[in-house]
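Dock chain B against chain A, hints included.
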Amino acid sequence: MWAFFHQAKETSQNAEDVLDQANRLASHAYAPGFHAARKAGQGESFWQFRRYLPDDPRRDIDWRKSARSEATIIRQREDQKAQSLHLWVDPNSGMDISYASKRPAKTHCANVLTLALGFLALRQHDIVRSIGSDSVAARSDQSMADLAHHFEQKRAPNFADLQNTPLSGSGLYVLAGDFLEPPERIEKNLKHAGHPDKKFLLLHCLDPDELTLPYTGRVLFSNSAEESSQRIDHVPDVSAAYQEKMQSHLRALEELCAAQGILYLRHLCGEDMAKTLNAAIHLLNEESRGA
Amino acid sequence: MISFFTQIGFLNPWALSALLTLPALWFILRILPPAPRRIIFAPFRFLKDLTAQAKTPSHTPWWILLLRLLILTCLIIAFARPVFQLSKDPVASAPLLLILENGWDAAANWKEAQRQARDAISKTARAGDDIYLLTTAPAPKNEKQISLQGPLTQAQAFSEISAIPLYPWPSDFNETTKALNTKDLPANIKTLWIGTGSFSNMPERFVNALLERSDSVSYMSCPAQSCPLLLRSADQEHEYMIEQSVSSPQKRNITLDFLNKSGKRLYSEKTSLINKRTFIKPDIPAEISGKISRIDIRNEGTAGGVLLLPGEKQRKNIGFISAKEIEDTKPYIDGIFYLQRALSPYADLRAGRLQAFLKEQTEEDILIAQGALNISPQTKEKLISWIESGGVLLRFAGENMEENYEDALFPVKLRSGQRSLEGALTWDEPKTLSRFEENTPLSSLPADQSISVSRQVLADPAFSLEGKVWATLDDGTPLITAAPRGSGWLIFVHTSAAPEWSNLPLSGLYVGILQKITDLSSNKTQTQNGKGFYKLSALLNADGRFETPDTNIEITREEFLNAPPGLNAPPGFYIYADAEYPRALGNHLPRLTSAREALPNSISILSFANDLEKDLTALFIAAAFALFLFDWLVMIALSRIPMRTALPVIFVLSLVCLPNAAKAQNNDLIYANTLHLAYLKTENFQNNQAAQRGLENLARALSERTSIEPGGVAAINPETDTLAFFPFIYWPIGQTVPKLSENALENLRSYMAHGGTLLIDTQDGRARFDFSDKSKALRELAMALDFPPLQMIQKEHVLNKSFYLLEDHPGRYASAPLWIASGKSEVSPVLLGGNDWAAAWANLREDGGLDPILTGKTRREEMALRFGINITMYALTGTYKADQVHIPHILKRLGK
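Protein chains in written order, with the working numbering: chain A, 1 to 291; chain B, 1001 to 1896.
There's no promise every hint is true.
Said to hold, decoys possible - Straight-line alpha carbon distances no greater than 30 Å define the calculated DSS-like cross-link-like pairs of lysine-lysine that follow: (1) B:Lys1048 x A:Lys191; (2) B:Lys1048 x A:Lys245; (3) A:Lys102 x B:Lys1048; (4) B:Lys1359 x B:Lys1382; (5) B:Lys1264 x B:Lys1281; (6) A:Lys154 x A:Lys188; (7) B:Lys1795 x B:Lys1892; (8) B:Lys1144 x B:Lys1183; (9) B:Lys1281 x B:Lys1516; (10) B:Lys1264 x B:Lys1681; (11) B:Lys1774 x B:Lys1795; (12) B:Lys1359 x B:Lys1111; (13) B:Lys1048 x A:Lys154; (14) A:Lys188 x B:Lys1048; (15) B:Lys1382 x B:Lys1264.
Hints were generated in silico from the structure; no laboratory data involved. This structure is a prediction, so every number in the text was calculated from the model and none was measured.
Bound conformation, chain B alone:
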């Protein structure tokens, strides 16, 4: 405490002389009597001639006197401009050039760097000298470029410093040199360079220019213990390197977080750093390692502390050629049952007719067929051209294939008939898998001897099978054959997709084989579009977080691989031929150099100063004000001012002190002035977050596509908020139906009764009224809220055509029915469904995490957004679209 006071210095010490007047003030305050009490007295007549002998010593209580003197003392001290830890060294009177590095490495200690800069600025400004400011990182075209600013005043410099943006690429000292030379600087200028302690490119030219123009240069950076870290990939797979520009004086403990694409932590590893380079090879379980898409140094908060990895592969779309829908197939019997289970981890399987797959601009990468194809020559032509343009046709053997053997849709020529190796009339043993051939996509798979094949279709050995066989049985007959066709592949598995012919579909190998074949299709697309551009899809910003890039950045493959990170090739994820490729900062920067190595001896190198000056003026003024308020309260208490007079003052003061109360009313004003989408806040934080983000996305979609431009999203509490402003209210119910208070119920009832629409989402994909507890609670809720009779929505309902023409209403789920009031004439006060629309609107992934990268929208998400748009339209326009006037237009849109 004492040391605190000894460290206070004063900028206007002469003002302290006013303290000498305090004793005089004490004296004056003592002799000035306080006002006498006034009493109206009825028997005044009797007092007329009376005079008191003694006089009451008219004194103010000593403690009030002391309080007032304390107020004065505080004010006098405030005028003397007290500063904590005032620098003792005489203020060098020279203008200051402040260089503030704002590259990727500045982010780690940015707050501290800003404080140091402010300290230097206030010292210089106090001496009355000019300040010049220079930043070092190149900025995008639409932002403020590197420039030498000055001369600035203290206030200007402060505001400039607060506004300096950080960029996820290194400083460009060539640009900085150019900027330095744009202005004449005073001859005696001193330079303070607030850096990061590390250099990824050499600043020689800049240093020379600086030394030439400046009287003295000091370089200031954070201590070695907290210098920025750079995370790089090492040579070996799954090995990483953490680099720092100087070795740490003591162990520096860090944690690496391994995250998947949705930002969920899958694994973390602790390590400690001493040397400049530390290699780390974490022992990550194999099933996780494929999913890791970024590695973070925890709490580092820079782009250099993030390493981006290719991560999970994109899901493929696979078509199964069949006359039947998937739902109609027989489980455990049909091949598609096994295919679907094997493919589900990394691909979406869809069943349909071949014509349908070929007709639409198909998204399918792979088509799978079992048995005979039975197609017309025209369709066959189309199929072949599809394969030649890069498709993969995977065929399994099946019954009734013989008439097809001659067609061109097999990689090898087949022998007629099939071989049955097991049965009542055969003596052969089932054949086992012998090997996967070398130099084929399947060669890395283990040849599992337990795979036995009891029936197969044989390749005709008369023709050359060389290079076409991928897997062989132990008698040398092929199990899997393949041949390239154009830029696509024809692949034939000589046994069936279901386990009737072999036990292959029951084994793990089945999954492996299908995965390799699925990968094949993606290889194909890469090689196909060799000359495209890499387009930035998610920018890693200076804080190590993803941002949507606001400018369109496209670079060639050459640049993507080799260009130094900078304005034109920032770190982040790039899209190239429908696949994402990471570009991490660490893998594209040269070795880090410490300031001592990079800078000549003529520059003095300092660490951040700890003893920063702190202006205490405001503190003393605040203290004086607080004491004054206290004095005032005491006066009120002493003079017995009736409460009726004091209350309004206290009321006004409390209004000033409670800005939140005023804010609540402002919200109502905002909701009333612009349209807001609203959801009911629930107790589940994740639910609320998903609803918030989902509705924000929906609001954006509405603004982009329709004339509705919502002002924002409101999270509302039915207990307290006014609901009348919102066209519809989304209520994600979550796991359990919440109990609402009578007040909230009444509020909701009146909202529904006066034209509001409540969209209730059970978020479980069911929304059926059965005998579960949730259904029971829902039914109770329906009673409490006076729901009208509900029915499942019909195809021709106006909701299905209020903006888009909709068939169904998918969210994260697609199966739940949508319940709606049965009357057709007016807007239904309640819609009840369970498809978890918020999750789909919010791009929520299966694992529940929010996706930080906006990847390509899936069809389901798009349909969910359309449903959201329709709901909003329906709530706002009612049954307008049900009018017969629209029918010709609708028919036109339906193509009829």
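The following block holds chain A by itself, in its conformation from the complex:
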């Protein structure tokens, strides 16, 4: 009982820490609006004057302007559309492994980065949602806490279940995880990605140790569920082979993203998260300008 409460408390504390960190991160990020529509519409700001056409609503007529000229002029405003930002953080337990006491776990990095993007989206008056459960959504800074708890309690769907999860609505989809599964399976899980009004960003969070395997001596490795293990008698012997395997996995993943039109960004835990966040904003801006 006590352990349960303790855990609950710890989770909640973590969620708040993450939220706080994400908020700070977002507030220091340079993020010009990343999705202006550039066409006449229902927005607030002035867009253009135009001659009245029979289909136009009469309340758009600018009478003062029309009085000064011979034609009837209407005033158009720029179209604005509230977008949705959809977030997902991989809930698998491998994300929680902390390889060095001074480095945060991958889950932490993923949470902070996604939530920081969420805060930025809120500044654009967007809605931030969690993939898999639409009810968890934030329209203001205050309700972001729900999202943070949601991720901290690992209520997001597993990566394998993502292909069966209906992705409602258009907008930006940010998927954060370590993506260590074989590339074929990753491809299968990302089958939604080809949809034209959905944009995907893959935030690949890795620990530096997972890249280099920097251990010495005899080590008994086991997987995150601790169900199988492997003893390696002299780790430096195998680290070159391991790095080779890892690099090929990363290449395969990048190719896959390029093919599917998915934006890909890698973050190594322990590195500056602001840098990664800025890179993400940059990527998204490029993307929207390109589109």
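Chain B only, in chain A's frame:
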């Protein structure tokens, strides 16, 4: 260092063969790999098919290996029972009779004797033989008598030896012989006699019995250089003799300390000993010599090294017959002013009416009267019978005496009128003192010619003055006359006690005369009770310290003077007819004989052995344990066990290592379970000691007289301790009011606010709020502690009747007022006084020393104890005694 190792022997040498297994152990430890590190690794998938070509040589660091082998080595050596300085001689397999002398002379080297005994016991026990034990000094009835104990095991013998008490009298070899014959001993028994090197009575019979029953006898004692010393009085006054049984091979330097009754050192003298007897006549200043009550050989620590002397005389109580209180008399004019100053060194002077002195069971030894007595015939009868039963009446001449001349209260018949030798109408010169008559108490005083008498009352020369005159003026007229009356004395000084008639009261001779007369009264009591018993009041124990005797020992004068010291006549102070008499060991023992003189040649005489065996097993086990702990710590550091796991273990270990912390809490438990009297610890050590002892005495008095039975005395620190357990807290403030921290103040405030009572004692006999620095500090303290308004205690206050009915509240002083909270309804949270009660409770003497001998309590000490009892009652029962219910009882006790 090397010699240390060469001197180690082993009792189980075969166990050392286990050391041969060490290389094997080394090998095993090397091939057994340490456990691999475990890492949970998310990209485990990538590692699946990888195998390392080379294997990591799995090694424990060499120094950890060495550490563990060292632990094993220590354990193996411990099993081999290492012994330092193992005796080389083959262990003679024979049972051992160990004789351990425990008389007065054993105390000097007792620790060493015990060590020697243990050594012999462990050697014998190792060979598997029985041990028999015999002591030599007779024991009091309620303690273990001399007996032959055995056969004992090593452990039994060890515990017996630690429990042997030492006695302040010599060994009794007759008793020891009897005890020796109570048991059959094995035929081949060997005897080791651990003695002192000196004999004050000859052990011939014992030696014969011993030789008869024992195979071989060796006598072992300390070297001559440290043999026990005996301090005796020599023939001349102020000359002492130090005796040792053998002459020293080289100079032995000792210091004699001359102490007064309260144990304060007044004088010390160094000397060095070579011969068997050394005489010493220290040049002690005369004013000190009278006060010396014991002489110690410094650091000797035996009863023989202490010589008791009669010491200071007891203070006398003297009454001055007067209608006035002493406080009401005029200084420099009234006679009592001079008398009080002359008598104050050795007597207490009290003024009062004659009837009052005669009515109560008077403590007064001497009554002094000046001038006319003006008493009724009945009172006169009483006075005469008082004198006849041993009182001394000292009268001085004065005005208006003529109508009294006929009464029976003068030693000689007086001529009417008085002679005036100086004045406007006289031609005579004042007469000077001529001589003190031979064979009178005053004859040893010098006749000071400068004493001149200008007015005197003359004795009638028609009657015989022979034998009655003690001092004469140069014209042959008597100055002091005296006559025995019954067993008392009538003494008349023919001039006045004040200097209006002569300059005698201004001279030192006045003091001398009064002192001699005061001594007279004590002589009287001695001769009066010629057939009493001498009762032991303070026992000199084997260590040369005073103890309160637990059995009632009374001996006759004959025994007191001549009996050899022993169970029935131990050394110490005896009370006889209200006076104390010393009985020192040295003055009652015969000449000391050395072991060589006293023992036959068939007994081999040895000195204490220096090379005692020391078992090192425990040392090696401790070393192994320490190394093991170190290994464990290293393991913790290496395996990176998180601190969260290691901390509880370290915490438990530190708890084990810090028993003091646990003890502090235990104290609270003790204070909570039984009532304790408490005082605030101050920075002054003497103050604390006095308070401790004072409260201990008070606690004893409470247990004896009331239903309060305090469990003890607590010295508390307001900073840290919980105060709630104590009904009242005594705070001896001493010279300066201490500054308390805010924390301590808060603690005290809450104590006072929740029903506690703080008894503050300024210990200066004043406790008045004036303009001195101390008063200022006191006032600040009162502000800081939120004292309620205080007032001087009123006569009818409940504190004055909570157990005893009290008039005043004396301690060492009696003059200071007692301040108490002005509200009557509840117990005052603070009492403030300055009478230094702790000193009175502790029987503290004027010079500040603690009195080692509990002499008769003075009235003031008794009253102080009563005050202490009342305070405790008041703190515990509150205003219960103020209830009207008690009034009839109180009136009854007041005799109304």
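Checked hints:
Only pairs whose Cα atoms come within 30 Å are accepted, and B:Lys1048 paired with A:Lys191 is accepted, the gap being roughly 28 Å. Restraint check: the Cα-Cα separation between B:Lys1048 and A:Lys245 comes to about 11 Å, which is no more than 30 Å; the hinted pair holds. With a C-alpha separation of about 28 Å, the suggested pair A:Lys102 and B:Lys1048 falls inside the 30 Å cut-off, and the hint holds. Of the pairs offered as hints, the one joining B:Lys1359 and B:Lys1382 holds, with about 9 Å between alpha carbons and a cut-off of 30 Å not exceeded.
The straight-line distance between the Cα atoms of B:Lys1264 and B:Lys1281 is roughly 21 Å, inside the 30 Å bound, and the hint therefore holds. Proposed proximity of A:Lys154 and A:Lys188 is supported: the alpha carbons are some 22 Å apart, at most 30 Å. The straight-line distance between the Cα atoms of B:Lys1795 and B:Lys1892 is roughly 18 Å, inside the 30 Å bound, and the hint therefore holds. For the hint pairing B:Lys1144 with B:Lys1183, the CA-to-CA distance comes to about 17 Å; that is within 30 Å, so the pair holds.
Between B:Lys1281 and B:Lys1516 the CA atoms are separated by roughly 27 Å; this keeps the pair inside 30 Å, and the hint holds. Note on B:Lys1264 and B:Lys1681: the hinted pairing holds, with a Cα-Cα distance of about 24 Å set against a maximum of 30 Å. A distance of roughly 27 Å separates the Cα atoms of B:Lys1774 and B:Lys1795; the hinted pair therefore holds under the 30 Å criterion. A hinted pair counts as satisfied when its Cα atoms are at most 30 Å apart, and B:Lys1359 with B:Lys1111 does not qualify at roughly 59 Å.
Between B:Lys1048 and A:Lys154 the alpha-carbon distance is near 28 Å, which keeps this suggested pair within the 30 Å criterion. The suggested pairing of A:Lys188 with B:Lys1048 holds, with an alpha-carbon distance near 23 Å, which does not exceed 30 Å. A C-alpha spacing of about 43 Å is found between B:Lys1382 and B:Lys1264, which places the hinted pair above 30 Å, so the restraint is violated.
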